[in-house]
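Q: Just so you know, the sequences run in chain order A and B. In terms of our numbering, the first sequence is residues 1 to 341. In terms of our numbering, the second sequence is residues 1 to 324.
Hints listed in this document are in silico derivations from the structure and should not be mistaken for laboratory results. Cβ coordinates follow ideal geometry from the N, Cα and C atoms, glycine included. Be aware that a few hints might be false.
Only part of the chain A face toward chain B is listed, based on derived beta-carbon distances under 7 Å [as the list claims (entries may be wrong)]:
(1) Arg35
(2) Gly36
(3) Gly87
(4) Gly95
(5) Gly97
(6) Gly98
(7) Met100
(8) Ala114
(9) Ile115
(10) Val116
(11) Glu150
(12) Gly179
(13) Tyr251
(14) Leu313
(15) Cys317
Examples of chain B residues toward chain A, derived with CB under 7 Å [as the list claims (entries may be wrong)]:
(16) Asp30
(17) Tyr34
(18) Ser61
(19) Ala307
The chain contents come next:
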Amino acid sequence: MSKDGTHDLELLRQMLRIRRFEERCVELYSASAIRGFLHLAIGEEACAVGVFQALGPEDAVVSTYREHGHALARGISMRAVLAELEGKVEGTSRGRGGSMHLFDAGARFYGGNAIVAGGLPVAIGLALADHLQGRRRVTACLFGDGAVAEGEFHESMNLAALWHLPVLFVCENNLYAMGTSLARAQAETDLALKASAYRMPAWAADGMSVRDVEDTARRAADAVRAGGGPYFVELRTYRFRAHSMYDPDRYRDKAEIERWKERDPIPALVTELTEAGLLSEATWRAIQDGVQAEVDDATAYAESGTLEPVEDLTRFCVADADADAGAEAVAGQALAESRVP
Amino acid sequence: MTTTTYRQAMREALRDALRRDERVFLMGEDVGRYGGCYAVSLGLLEEFGPQRIIDTPLSESAFVGAGIGAALGGMRPIVEIMTVNFSLLALDQIVNNAATLRHMSGGQFNVPLVIRMTTGAGRQLAAQHSHSLEGWYAHVPGLRILAPATVQDARGMLWPALCDPDPVLVFEHGLLYNAEGELAADAPVVDLTTAAVRRPGTDVTLLAYGGTLRTALAAADDLAGEGTSAEVLDLRSLRPLDTATIVASVQHTHRAVVVDEGWRSGSLSAEVSARITEEAFYDLDAPVARVCAAEVPVPYAKHLEEAALPSPGAVVEAVHHMAA
Ligand SMILES: Cc1ncc(C[n+]2csc(CCOP(=O)(O)OP(=O)(O)O)c2C)c(N)n1
Ligand SMILES: [Mg+2]
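With the rest of the complex left out, here is chain A (with noise of 0.2 Å):
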């Protein structure tokens, strides 16, 4: 805990902050507003702002579809990816990818993943980038528990460990996988432990303390880019809500889902920095109108997004004659360059 505990009440921020914008999510889907997949992270937002805390913005970072919360916690505009989730132009993706294609290339967000396991042989080619320009730059890779029994986690765990790649494996282990439960997917349910057969450093944390997952991402992160090759971070954690909208949750014990709900990080936090005298109630007060507000101007902005024309249905599919001209430009010159001895 930082002294005058600034920092903590900034973990709590963030947190509130993909809190009420997933709540309002819910709204705005009840609204019709937001459609197709919508899958929210309630519940596990103690490991979205726990990891990112542990990254610079040099680094890159893979997700999955459940990414709402990485983005927010990545820095990237509330407004941007609320209006992604309207389809509007203004989104991150243009409308184009939706909730499940959250990409920012500012940030180094390569997405936004929505095939299970996809993202990890990617961010192995962006650590093996990183790799053979010298640079000292941590890969993210975040993805769930239920991408473990993918072959693509464990080709790429193998080839992170074998050649030495600065990624980070960070695992959000909320004990299911749609409907089904870790323990009925894994003979070894001990990710950690998992990991650590592919010879790298394999370190379990709990997913509903932000606290122990900064730490344990930070040392982590920090052992990545020092050189150290790949580390795997698993959050043990728990989502308070269906698996998506379209998911009727028949799967789970009630009185499971209420026995996590005691844990919920964010309650958990404030009671902790209340007791060490670090947060009054005017204090709380404050954060959650200025998380309110955030939220309410990042609705009005994806309320009055703009649409793209349908004449442009078939751009970005490759790059485009003119318009992307520049940016090629741009990459020739950057190859070119980097080929000077």
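Take the given structure of chain A and dock chain B with the ligands to it, following the hints.
A: Okay, now just chain B with the ligands, sitting in the frame of chain A:
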């Protein structure tokens, strides 16, 4: 006759197959406890138990491959892949093993396996959940590719597919699950080899399958209002194609429009068009037309997704264009 949904019809087909043959089992992600991601197999675990309704981890390549192995081992597996988009993780098993084992073994082995999966767009699920890749599979010798578009076919195609000594892929369009239709109590076994005329007509043939059958039928309604009589042909089997029925229809309408939710280039619609050109060229009064998905990954935004997919309006326009 009872009214039932496509989903219920498919479930009834699964139940029937599981009852008829104890070698049949269903395997896939969330097919048991969860009841299937589209609720097709809801209740089957309770009825048949965990030996016959097997939940798998997220391991498409491994459990599809396991289906192939189980078929070699004398079982009659039905493997469900949540959607065709995820079947790409199992593409190696399907193409390099299921489709080729009979041939590579000089006829010693065969793979009596059925793989079911959802296909298609229309629910704003964006690029990684919306593609129609059945045309790719129809490219591969050794596979039979089915696209049940009606409640009757959803009910009737599974059993003959299980009786096929070779691998069969069944594509279920995601928008069809809630579609309703009439089903006879003693539904006849359907044959897997023929295309079906869903609406007779005289002026133009609209060739469709799976999700686009509804598009074609809606277009035929609109065309009828203008005095154009469209015949609607449901391909049903994408491999092998029933070329004879296709050609016979075109020979009496003299015009053809192929409606396909796959992309145009290198597509199933291209194959259908080529067969018509090869076998009925001199019967045509106009070049074959195609209405396909726009050549772009399916976008999330509703207006863009709609614009990317074949619509009745686009079919009508294609017909107008050939008449002009
Ligand atoms: C390859 C693949 N198979 C199946 C799916 C369907 N699906 C989407 S999310 C999901 C569960 C994934 O669970 P997990 O990795 O634990 O992440 P969580 O949803 O719990 O965050 C499944 C089965 C998919 N998107 N991709
Ligand atoms: Mg999970």
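Q: Compare the structure with each hint and give your call.
A: So, going through the hints one by one against the coordinates:
no. : hint   : verdict
1   : Arg35  : holds (4 Å)
2   : Gly36  : holds (4 Å)
3   : Gly87  : holds (3 Å)
4   : Gly95  : holds (4 Å)
5   : Gly97  : holds (6 Å)
6   : Gly98  : holds (3 Å)
7   : Met100 : holds (6 Å)
8   : Ala114 : holds (4 Å)
9   : Ile115 : holds (6 Å)
10  : Val116 : holds (5 Å)
11  : Glu150 : holds (5 Å)
12  : Gly179 : holds (3 Å)
13  : Tyr251 : holds (6 Å)
14  : Leu313 : holds (5 Å)
15  : Cys317 : holds (5 Å)
16  : Asp30  : holds (5 Å)
17  : Tyr34  : holds (3 Å)
18  : Ser61  : holds (5 Å)
19  : Ala307 : holds (5 Å)
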